[in-house]
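S.K.: Since chain F is already given, all that's left is putting chain E on it; use the hints.
Same order as they appear, the protein sequences are chains F and E.
Letter by letter, the first sequence follows residues 6 to 227 in our numbering.
Letter by letter, the second sequence follows residues 1385 to 1673 in our numbering.
These are computed hints drawn from the structure, not numbers from a lab.
Take the hints with a grain of salt, since some may be wrong.
Said to hold, decoys possible - SDA-like mimics (lysine to any residue), calculated; alpha carbons at most 25 angstroms apart, straight line:
id : chain 1 : residue 1 : chain 2 : residue 2
1  : E       : Lys1494   : F       : Asp22
2  : E       : Lys1494   : F       : Asp43
3  : E       : Lys1494   : F       : Trp44
4  : E       : Lys1494   : F       : Gln64
5  : E       : Lys1582   : E       : Arg1453
6  : E       : Lys1494   : F       : Gly129
7  : E       : Lys1494   : F       : Pro24
8  : E       : Lys1494   : F       : Ala180
9  : E       : Lys1494   : E       : Phe1455
Stated by the list, open to error - Chain E is nowhere near these chain F residues, computed Cβ spacing over 12 angstroms in every case:
id : residue
10 : Gly14
11 : Thr39
12 : Arg46
13 : Ala83
14 : Phe88
15 : Glu109
16 : Arg131
17 : Ser132
18 : Ser134
19 : Asp153
In this text, all values refer to a predicted model and were calculated from it rather than measured experimentally.
Just so you know, even glycine gets a beta-carbon here, dropped at the ideal spot from N, CA and C.
For reference, the chains in residue letters:
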Amino acid sequence: MMVANDALGLPVVDALDLPDPVSRPLQPGALMRTRDGDWHRLPRFFFEVDSWQTALTTQLTAHFGLWELMDVDLHEAASLRMFPRYVPCAVTSLAAALEVFRLEVGATVRIAANGGYRSPTHRGSRSGSPHCWGTAANIYAIGGEPLDTEEQIGRYGAVARRLLPFGWVRPYGHAAGHADDHLHIDLGYATMVPNGISEEDDEADQARRLDDRSAGTSGVRP
Amino acid sequence: MSRAEHLQATLASRAGEIAAGLGDGALGVSVFDYLSGFAWGLDGDRWFHAASTIKVAILAGLFDAIERRRFTLDSRLHVRNRFLSVLDGQPFRVDARRDADDDVHASIGKTMRVGELARHMIVRSSNLAANLLLDLVGVEETRGALAARDITGVDVCRGVEDERAFEAGLSNRVTADGIVGLLRAIRDGRGFSPESSKAMIDILMDQEFAGGIAPGLPDAIRAVARVAHKTGDISTVSHDAGLVFLPGRPPYVVAILAACAGDPSARNEALAAISGLVYDAVAAAGEAA
Chain F
6 MMVANDALGL PVVDALDLPD PVSRPLQPGA LMRTRDGDWH RLPRFFFEVD SWQTALTTQL
66 TAHFGLWELM DVDLHEAASL RMFPRYVPCA VTSLAAALEV FRLEVGATVR IAANGGYRSP
126 THRGSRSGSP HCWGTAANIY AIGGEPLDTE EQIGRYGAVA RRLLPFGWVR PYGHAAGHAD
186 DHLHIDLGYA TMVPNGISEE DDEADQARRL DDRSAGTSGV RP
Chain E
1385 MSRAEHLQAT LASRAGEIAA GLGDGALGVS VFDYLSGFAW GLDGDRWFHA ASTIKVAILA
1445 GLFDAIERRR FTLDSRLHVR NRFLSVLDGQ PFRVDARRDA DDDVHASIGK TMRVGELARH
1505 MIVRSSNLAA NLLLDLVGVE ETRGALAARD ITGVDVCRGV EDERAFEAGL SNRVTADGIV
1565 GLLRAIRDGR GFSPESSKAM IDILMDQEFA GGIAPGLPDA IRAVARVAHK TGDISTVSHD
1625 AGLVFLPGRP PYVVAILAAC AGDPSARNEA LAAISGLVYD AVAAAGEAA
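For reference, chain E alone in the conformation it holds in the complex:
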């Protein structure tokens, strides 16, 4: 068995153990390495509540609309905290106390540029910005943008904080394979101009939340890695998905989705542990390639 094969076997074995450690929970992992072509997954087609990882899909839908010249990143949009539930059309608001970003709430009543809102949606995971942009682009248009790029495993059906829809079982969902497919479409510029592709990656690169991918990398690697990613956390799930750029080689893409009730630290430890194992396997595959 080669070193690469050994590390891939270790990844599969340890990931299974980590998944078992989540008790009644679940773990979904998907990996693709642009250098070696190495691809691997653990329950990569299992559906999870998307939490804030759905904002990557909203970002892609936004740039699809920009490609279609519906508006530009410089266009100004009225910041209004009033949305209609996908369930029954009743209005709801994004609770500022539950939103990770204050800046967009501070602009209620005024306008912000579409590009600014996109940054707040990703970099600080603004729920208000996400809903404003999804309202602007449209749910069906966003789904269409994903379908046109052959992205499956990402199910956008509503804005965030739509509690009535949540209670009725209507939630945005993702699979690990789906998010990796979405990130690959962004990186590859599938249906996007090179400028749009770069702009999306730049925004993802400025992520302010640590997540689990970077913390799981070996110290020396973390010091030089750049991770363009999006986290997602609610009471029962913790996710991190992104492109990992390392010096001297093309990036690899990884999505790690963890679901279990209780202390989020167990989920976060799982994300970091999987990230470290994925790095070892990807690095070995790259050396062998």
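For reference, chain F alone in the conformation it holds in the complex:
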């Protein structure tokens, strides 16, 4: 299944239809367990990005480019670092939320590498991290000011909590679940199915494909 998204000009694909070396690390539609023991279904529909140039020139909002939310390092699966690359469609919602945040703070907002979408097989992804849904961002600097103090992270975190009532902001701290060198904002486990895409499927076939994709992966079940 592939349709073009008119606004962005990017094809939208059902990741279950992608070749195995790409689909397997994306784990589309699989259930993933969070640290709290909750289960959430990973995204299935992705924008297909054919080149870094396309990522650089695709604006999601006035101030956020697609590249900022898909910049990963060598900790990502090798097959997912090659183009075409895939980004969950919900990344547009994240960009919209970040734009609201950016307008409120009135300064440039910088997203860290590995701080936008990363796959469930990225070695920096904890099981159930909203980054795997493309709904989380790690902001490392605002207005050229690095966010690495409790005061800064607390101040901007309060802004994010006020603007994004359904979102979540990691508190400042050094322990797991906290952040001390960035501001983590996420929208939870939102997935997006763009207009023009049907989720109708042969249920038995889908279940089989999910099962194939998730076999042997810790923290994931079809």
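M.R.: Then chain E, alone, in the frame of chain F:
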């Protein structure tokens, strides 16, 4: 006594005097000449705080990981200034004001290629790059890479600027013999491909800090010598270790480690003086060979 024997005796005698001039400090020297086989040392097995010379070991560990196809020099790595102390797992940062290199700090939040980071770690002695690469490769993996090449006298136990570990007495250590062994493994390609060996030497060759080896060479020799080396300086030590390439002959390897409190100029003068004496002895041994 031949001229070579005379110059080697002079080296031993003068090095002892220079070591004594460091007062309560210490001097460690190790030399190996590929042309003549001449090898010499003064307290070559004495342990010193490694300072930034440990970055040569991190470089070797990095290329060992590349040989194992864990990643490539072109792989991109997130530049993040957050590390965990080897002592207690508490986070710490590399202080930009104490780091000799600004470029890597300017890339915080972005990615840099592994090869770029390796260059910054050696050529401009970037502490941030060193910690990023040691985190990437792993301390145990780096130690394993050295052990697999029979390198002793180089003890990598943590990243740089880990103050809590330092205060607890946990520091990277080297001996002069150990660094010479490490540089020989790099030059010889021991467990490294010829491409990796050349790449490491090329990086060491681009060193931007003068150190003590080159300044100690006779003027005419310094003009034609190429030194692939790494310096190391903290408040109480000054080191320089490298391969000295001269026209028409294989290189020699030298490590000069000096420790004493107070004015670093005394240590730097010692490094240069030893380097000049080592050159004279190596040159004479080469002529006799």
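S.K.: Decide, hint by hint, whether the structure agrees.
M.R.: Structure-based check of each hint:
For the proposed pair lysine 1494(E) and aspartate 22(F), the alpha carbon gap of about 32 angstroms is over 25 angstroms, so the pair is violated. Distance restraint check for lysine 1494(E) and aspartate 43(F): the Cα-Cα separation of roughly 32 angstroms exceeds the 25 angstroms cut-off, and the hinted pair is therefore not satisfied. Taking the CA atoms of lysine 1494(E) and tryptophan 44(F), the gap is about 32 angstroms. The hint is violated against a cut of 25 angstroms. For the given pair, lysine 1494(E) sits about 19 angstroms from glutamine 64(F) by alpha-carbon distance, which is consistent with the 25 angstroms threshold.
The hinted pair formed by lysine 1582(E) and arginine 1453(E) meets the criterion: a straight-line CA distance of about 18 angstroms does not exceed 25 angstroms. Proposed proximity of lysine 1494(E) and glycine 129(F) is supported: the alpha carbons are some 15 angstroms apart, at most 25 angstroms. At roughly 30 angstroms between alpha-carbon atoms, lysine 1494(E) and proline 24(F) are farther apart than 25 angstroms, so this suggested pair is violated. A C-alpha spacing of about 23 angstroms is found between lysine 1494(E) and alanine 180(F), which places the hinted pair at or below 25 angstroms, so the restraint holds.
A hinted pair counts as satisfied when its Cα atoms are at most 25 angstroms apart, and lysine 1494(E) with phenylalanine 1455(E) qualifies at roughly 18 angstroms. Separation of glycine 14(F) from chain E is adequate, the least Cβ-Cβ distance of about 26 angstroms exceeding the 12 angstroms criterion. Its beta-carbon lying about 23 angstroms from the closest one in chain E, threonine 39(F) satisfies the requirement of being farther than 12 angstroms from that chain. Non-interface status of arginine 46(F) relative to chain E is upheld: no Cβ of that chain comes within 12 angstroms, the nearest being about 28 angstroms off.
Not every Cβ of chain E is farther than 12 angstroms from the Cβ of alanine 83(F); the closest lies at roughly 9 angstroms, contradicting the non-interface assignment. Every beta carbon of chain E lies more than 12 angstroms from that of phenylalanine 88(F), the smallest distance being close to 14 angstroms; the non-interface claim holds. In this structure glutamate 109(F) is separated from chain E by more than 12 angstroms, as the shortest Cβ-Cβ distance comes to about 21 angstroms. Residue placement check: arginine 131(F) keeps its beta carbon more than 12 angstroms from all beta carbons of chain E (closest about 16 angstroms).
The beta carbon of serine 132(F) is kept farther than 12 angstroms from every beta carbon of chain E, the shortest such distance being approximately 20 angstroms. The Cβ of serine 134(F) lies farther than 12 angstroms from every Cβ of chain E, with a closest approach of about 15 angstroms, so its non-interface assignment holds. The beta carbon of aspartate 153(F) sits about 7 angstroms from the closest Cβ of chain E, which is not more than 12 angstroms, so the claim that it is off the interface is violated.
Hint violations for this structure: numbers 1, 2, 3, 7, 13, 19, all remaining hints satisfied.
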